[in-house]
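Visitor: Protein sequences, first through last, are from chains A and B. Position 185 of the first sequence, counting from 1, maps to 240 under my numbering, and the rest follow consecutively. Position 195 of the second sequence, counting from 1, maps to 426 under my numbering, and the rest follow consecutively.
Treat the hints as calculated values from the structure; they're not laboratory data. Since the structure is predicted, the reported quantities are computational estimates derived from the model, not experimental observations. Among the clues, some could well be false.
[Stated by the list, open to error] In silico lysine to any residue, SDA-like type, Cα no more than 25 Å apart, as pairs:
id, chain 1, residue 1, chain 2, residue 2
1, A, 468, B, 448
2, A, 468, B, 540
3, B, 478, A, 446
4, A, 476, B, 657
5, A, 476, A, 318
6, B, 480, A, 444
7, B, 480, A, 438
8, A, 476, A, 391
9, B, 480, B, 415
10, B, 480, A, 442
11, A, 476, A, 349
12, A, 299, A, 232
13, B, 480, A, 349
14, A, 468, B, 446
15, B, 478, A, 318
16, B, 480, A, 318
17, A, 299, A, 318
18, B, 480, A, 441
19, A, 476, A, 338
20, A, 476, B, 650
21, B, 478, B, 550
22, B, 480, B, 414
23, A, 468, B, 445
24, A, 468, B, 550
25, A, 476, B, 654
26, A, 476, B, 651
[To be verified] On the chain A side, residues computed to face chain B include the following (Cβ under 8 Å):
id, residue
27, 258
28, 262
29, 263
30, 404
31, 431
32, 439
33, 440
34, 444
35, 446
[To be verified] Computed Cβ-Cβ distance ranges for the label pairs, DEER-style:
id, chain 1, residue 1, chain 2, residue 2, range
36, A, 393, B, 528, 33 to 43 Å
37, A, 292, B, 354, 53 to 63 Å
38, B, 318, A, 232, 30 to 40 Å
39, A, 393, B, 312, 29 to 39 Å
In this text, a Cβ means the ideal position worked out from N, Cα and C, and glycines have one as well.
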Amino acid sequence: MTAVVAAVRRPLIANRALVAPVTFVVLGLIDICLFGTAALVHKGDAAFLLSAGSGVKIPAIRVAAAPACFALGAISVGLGVLRGTTELGRAARRLTVAAVLLCFVLSLLCWADAGHIALNVIIIAQGTFAASIPLILGALAGCLCERAGVINIAIEGQLLFGAFTAAIVASAFGGLWVGLVAGSLAGGLVGTLLAVFAISFLMDQIILGVVLNVLALGMTDYLYDRLMSQNSNYNTGVTFSTIKIPGLSQIPIIGPIFFDSTVFLYITYVAVIAIQVAMFHSRWGLRVRAVGEHPTAADTVGINVLWIRYRNVILGGLLAGIGGAYLTIGSVGSFIPSISSGFGYIALAALIFGRWTPLGALTAALLFGFCEEMALVLPTVNPVLPAPIMHMAPYVATIIAVAGLVGKVRAPKADGQPYVKA
Amino acid sequence: MSETPVAAPDPVPAAADAVAAGPGQRGDSPGPATPRGRLTGAVLIQAITQGSSAVITILAIFLALVVGGVLIVFSDPVVTRAWSSLFTHPGYALGQTWDAVSFAYTQMFEGAILNPSTVSAALHGGSVAAIFYPLSSTCAQATPLILTGLSVAIAFRAGLFNIGAAGQWVGGAVVATWLGFGVSLPPVIHVIVCLIGAFVGGGVIGWFVGLLKARTGAHEVIVTIMLNYVMYDLLSYLLSHQGMLQKPKQTNQIAPFIASNANLPHVGGPPPQVGIGFLIAVAAALGVAWLLSRTTTGFEFRTVGASPSAARTGGINVERSWVLVMLLAGGLAGLSAATVIQGTNTQLTFNSYGTYGPDGITVALLGRAKPIGVVLAGLLFGALHVGGTYVEAATLGQVPANIVQVLEGLIVLFVAAPALIRATFRLRATAGTGMEAVAKGWNA
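In isolation and in its complexed conformation, chain B is listed as follows:
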């Protein structure tokens, strides 16, 4: 991967090079492109100095945390006062800065991953389960992000930019909710019916986008953005009319609770537990990975993504691939809705869709549109969300939870602009970002 020579700076030839190198080489197969027999250490050093995608990602996260630290400093009155006396007491200012930033990030870590105090408590006869509580919240938060991330990622691989995960999410949520409270079925079957319904509900929205693209050439970015708003309005309509999805005797935009038979069960005991939703998300990631790397359809998707004209010359039905990949993308976004409605919320409100759609884009970008990368990125963002809420509580609102949003944006900005990271850390050479397949303009 790091050997890919990209002498031509023009991205179109760069994408063509990537095709020539074969889609399978771009990280699907674990085999590195480096010559055999090289020492592991040398490979590692080369990866670091040339900036392999993993190194770039780590540096991007580091850089984002640094910029986030500046924000934390800026918003802390104690620290800003300390800075005003920088020249008389430089040590004090720097110390305060370090304290504020390290406290915020430590709190984030403790809230999202591991709190040492629970470990020591467990050693002294406390609850062992409490150690895993932060991790279980992280998994719960990560679940819908992984699924919308997969939705965006699979479309990326076929060269389409799915901004419409939010709208597809709503489509899935509406169907899952309706099946959840509108019909009564035995326990396990109800869960499965709702999941399938959500997949279909989201899939139909995605399919429509793919169909318009295939038949009329309508650009998927515009259509998905517009469909997002259409779906929000549709949701607002459905939730504010009795006899549609609104809870009886309610004036708020809120749907009835779904039947308990339709709730996704948990694995494990009380609070530290893993929802079935998380397992569904991981299974979906494995399924997408299998589809992309081991099936003809997946090969067609990747070929279409690398170059539609080359794919067409090679006898691949490009239009069919577009429609199919958007159907799958929509379905995955719909599944994301199911894990929220059937898992954590058990009730659809107008605000349920949250930021799962836009977050899916950032997760897919950070995961470089590879299923396993998406799972890792989803976990990272899930951890950031949990940590953000925790740090806000721990600092009494001094560091608001939405600093996480800034961190996410910065991470993806840096990941998507490897040239900047290379310039900052003086790395050599250039390798692809893994994002070359995305459409480059409205006429594409």
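If we strip away everything but chain A, and leave its shape as in the complex, we get:
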């Protein structure tokens, strides 16, 4: 099987060395030909504001849009040539990818903004984080489960149930922190169901995830109808206020983006770092990965496979529940039916895009969050850009990624396979 798959893939693998340089050059040419020439027609400057609200005022950056697009495109093409002609180290290769993406985004912004009202970079960055938090937490939940060998498609259901429970508990008891804990527990409950059916009843995990999502959707719709829509005391729309980190939040540009947000952003920082370190630099993580890669071997050396799977799946549920709570009491406040609107599935894509590592998932989730934010912002700045097309970008990117053009992704080996002690 593997031999034939390799044979099918061989033409792509042979050319893979060329994929990155060609993509770089193509993106650079898009910068120049599409954005640059279009910006020439508009004949305007692009303006970027770097401060929001009170605090230190930083003068806005104004650049001539067309020349900027040309310059950014030239940099991309140059990096493509560099990448195609010289052998680079791993870190350098990643840097070039980041640089080309940045150039692409900047020239897109230059073009979109040419001759229009100024874009506020700070607000865009804040919006990106706001859109990314549920994706990051959901992807981390998936990471905990799938590294231990349990496929988690139920992230969507965990987010949704967490969002509902957080809203109703926070409204009914008037305590936001109680709501946060309740939302987390609700996600954990879905995680427990996932664990029981997948690990103990050996149910197919992909089917199980889909079914749990259907159930969570049905339950929240039903309870919304029965409880919230009749009694607004159960859906008051309370939200966490922002917490400014003393000192750090005063730093220009960085402060308002990273250190002036709700508790959810700080939880996300902690979760990403903790899981990344624990998964790859601790005995705990080694055991989890062993269970996900080769449960029989792990069992042989005395690791309790089922216990580790149960624990991780439930932990993941608790984490995704926090992400769900963010959707209500962390941002908009009140719950509406199907508020998670596919975030769980995007989180799953971010996890796979990020190759089942917390940092990779973080990067992918931020990219997706940025696309979401752009889909909101760009049409207001430049009505020529259709929001649905921008909104499509992360999904198309994911398809390209899993189709192997960005690089082969490989899941934990025992992912999705129930373990039964021989």
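Starting from the known structure of chain A, fit chain B onto it as the hints suggest.
Guide: For chain B alone, kept in the frame of chain A given last:
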């Protein structure tokens, strides 16, 4: 079927056993695996005690209705008040509970299948046709569900999980709508052209998924999920731009009505009637059944589904099967869109796609990925949808229609976890769920 020994609890050997037993044995052929000469009664008892798939399904539905009953009780203030005085008036609490639950389920039955009052009315000179009104609504609701269910089911049989019926539905809907109002053709031909267009529109989306899987190994679950969102966004784009699919002089996301020549006709007179769409769905099910059990292509699909490596060793072009089965799956989902756009709605809006895609998955699971099972499951879910709407009206919103969604989820959860049903009802032995062929992980 009930004789299949699954001693090894590991599902991979279990799937291999199923292959060894032959794909044809897994319910395609009506012949049971039990030895000849056994008494019918004994076979029946064995089926019940060992939990054949039909028994498991019935028990799953029963269990789901029980859990649904708990929800109904929980949401009824009269009953919850009665429960608060459980220890002083236990009979009252239980009576109220029984009343609330039985009333809701009776209403559901009357709305979806048969209302006794129409029968007695007919006996006293009323309309006979009115008796069949609930059943005709059920058939109308079931039509798109059967088709998306078939879409998911046929992919299941080839070992692929098609979560993308929703996106393929949109693909079919877009083409059907465009052909429906954009061209003008004579009556019958217009209907056929739209149907074929919808099949092609959905099929292209499915084909693309199969192609990516065959060429690059991209997992169909991810690709179909992503394509769903791409198609929603595409639909939103097309419906919000004049000159695309948006109705002229409209700002809403709504397409023009399709030409009356393109509407699917009905069989039978006014309201109690059967749409041609339902007949198309049944015909499609028969076609899929024929394809799977009587053709080389179908045999290849099932072999690939049972074990791609064994199929490859046996000289079957696995990649070709993947592409072909996804093309057919997409086409069936596209047909589902055609029955809605040309049948009941006659107009495409952004919300038209509803939950046909996800419902298709649950229908296919409940029908155990067998065409006839899918038709029955589609009818059951159609009846639940009709009954849900009816019960919401009958109880003045006391029991909302979306309780049906919970029931559907529970039914499929229980059906897909036979171990739970067996443990609950203390059934012996284990038999396959019929779902062993589905991919088990991202690396598959």
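Visitor: Which hint numbers doesn't this structure obey?
Guide: 5, 8, 13, 15, 16, 21, 31, 32, 33
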